[in-house]
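Number of protein chains: 2
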Amino acid sequence: MKAPSQHNFVVWFTGLSGAGKTTLAQELKKQLDLDGSNVYVLDGDVLRGGLNLDLGFSASDRSENIRRAAEVAKLWVDEGFCVLATFISPFQADRQKARDIIGAHRFKEVYIRCPLEICETRDVKGLYEKARAGLIRNFTGIDSPYEPPIQADVIISSDKQSINESVNHLLKSLFYTER
Amino acid sequence: MKAPSQHNFVVWFTGLSGAGKTTLAQELKKQLDLDGSNVYVLDGDVLRGGLNLDLGFSASDRSENIRRAAEVAKLWVDEGFCVLATFISPFQADRQKARDIIGAHRFKEVYIRCPLEICETRDVKGLYEKARAGLIRNFTGIDSPYEPPIQADVIISSDKQSINESVNHLLKSLFYTER
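From first to last, the protein sequence lines are chains A and B. When we follow the numbering used here, the leftmost residue of the first sequence carries the number 366, and every step to the right adds one. When we follow the numbering used here, the leftmost residue of the second sequence carries the number 366, and every step to the right adds one.
Misleading hints may appear alongside valid ones.
For chains that are exact copies, the list does not tell them apart, and a pair is met inside one copy or across any two.
List of simulated lysine to any residue pairs, SDA-like, C-alpha gap at most 20 Å [what the hints assert, rightly or not]: (1) Lys495 with Leu481; (2) Lys537 with Ser402; (3) Lys394 with Gly415; (4) Lys395 with Lys462; (5) Lys525 with Thr388; (6) Lys525 with Ile507; (7) Lys395 with Leu492; (8) Lys462 with Gly414; (9) Lys462 with Gln391; (10) Lys462 with Ser527; (11) Lys495 with Asp398; (12) Lys395 with Ser425; (13) Lys394 with Thr486.
For the record, the hints were derived by calculation from the structure and aren't laboratory data.
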């Protein structure tokens, strides 16, 4: 039995709702699982439904959402896992805080870039429609800003790269740089 | 290679500071590790130093401390781990909430019972001395109550049972009931 590969860091996926963060993280996990890596997907929606159920979408609540997410990611990394964290995390300052909490040397920022129009067309969860109708407030891209990363380790253009291409891009850039 | 045993539940250690929760959890983990189980120790002090750094020791902060701990424990259990959670968790209502969050069928409550005088004599972290001196407020057992469990799955008397005896007691009661 081959010893599991060690990828002891957090891959922090940031981008608009509908950009493809969770899809890419799950596909990436499938590939890493094949290699025997210990991989954990820390999903923003899952945290919002439990640990962060008390938080809304104001700037301060978003900040606390990301702080807690980073602290939880740190627990998994401290245990030897590779964490794939999927959070809109629209503010640069909050992502910087996450980096500080986890440690810059084990924090890889991945910007899933996708034009708002495309995300809005996909609208998998029907959230953009609700935001446009005014049923949801402080929605990123509609009435709350998204600040693109200034130091992303990888940028994926999910409107141009297929899922397979994107996963291979991530594997080569972050995991198997020698290949 | 033997398939790892599956112990997919949370063992929730409750008791006074100094009762021996963390020591027992760590020793229990050593034994379970030998068996190839996936075991995670979720330590109250560790959470207090990160995720729950914003919380104090008022009743409402203690409640939120335990709510978050239970939500984090749930993430690990959902991933197939056995979680050994060590929290003073002095209030019955908060432990009940933890049970509700995690699910009663995968929540084992372990009361580490030890007289206050003994815990205070041990005073490993020097906290009792500070509490008696009035330097720490709302300290469990001194100026904040401890409500003993009413439905503990296991009770360990850490002033009477050695660490080895206690670990064996836990192994037999919760893990290897057939042995």
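Okay, the hints, checked on the actual structure:
For the homomeric pair Lys495 and Leu481, the shortest alpha-carbon distance inside one copy (15 Å) is at most 20 Å, but the shortest distance between copies (56 Å) is not. Taking the shortest alpha-carbon separations for Lys537 and Ser402, only the intra-copy value of 15 Å comes in at or below 20 Å, while the best inter-copy value is 32 Å. When the C-alpha separation of Lys394 and Gly415 is checked against a cutoff of 20 Å, the pair qualifies neither within a copy, at 22 Å, nor between copies, at 26 Å. Taking the shortest Cα distances, Lys395 and Lys462 never come within 20 Å of each other, neither inside one copy (29 Å) nor across copies (34 Å).
In this assembly of identical chains, Lys525 and Thr388 lie within 20 Å of each other by CA distance solely inside one copy; the values are 15 Å within and 53 Å between copies. In this assembly of identical chains, the alpha carbons of Lys525 and Ile507 never lie at most 20 Å apart, being 22 Å within a copy and 63 Å across copies at closest. For the identical chains of this complex, Lys395 and Leu492 are neighbours neither inside a copy (27 Å) nor across copies (47 Å), given an alpha-carbon limit of 20 Å. When the C-alpha separation of Lys462 and Gly414 is checked against a cutoff of 20 Å, the pair qualifies only between copies, where the shortest distance is 16 Å, while the shortest distance within a copy is 22 Å.
Taking the shortest Cα distances, Lys462 and Gln391 never come within 20 Å of each other, neither inside one copy (25 Å) nor across copies (31 Å). Proximity of Lys462 and Ser527 under a CA criterion of 20 Å is satisfied in neither setting, with 31 Å inside one chain copy and 44 Å between copies. Taking the shortest Cα distances, Lys495 and Asp398 never come within 20 Å of each other, neither inside one copy (36 Å) nor across copies (49 Å). When the C-alpha separation of Lys395 and Ser425 is checked against a cutoff of 20 Å, the pair qualifies neither within a copy, at 34 Å, nor between copies, at 41 Å.
For the homomeric pair Lys394 and Thr486, neither the shortest alpha-carbon distance inside one copy (26 Å) nor that between copies (49 Å) is at most 20 Å.
The structure shown violates the earlier hints numbered 3, 4, 6, 7, 9, 10, 11, 12, 13.
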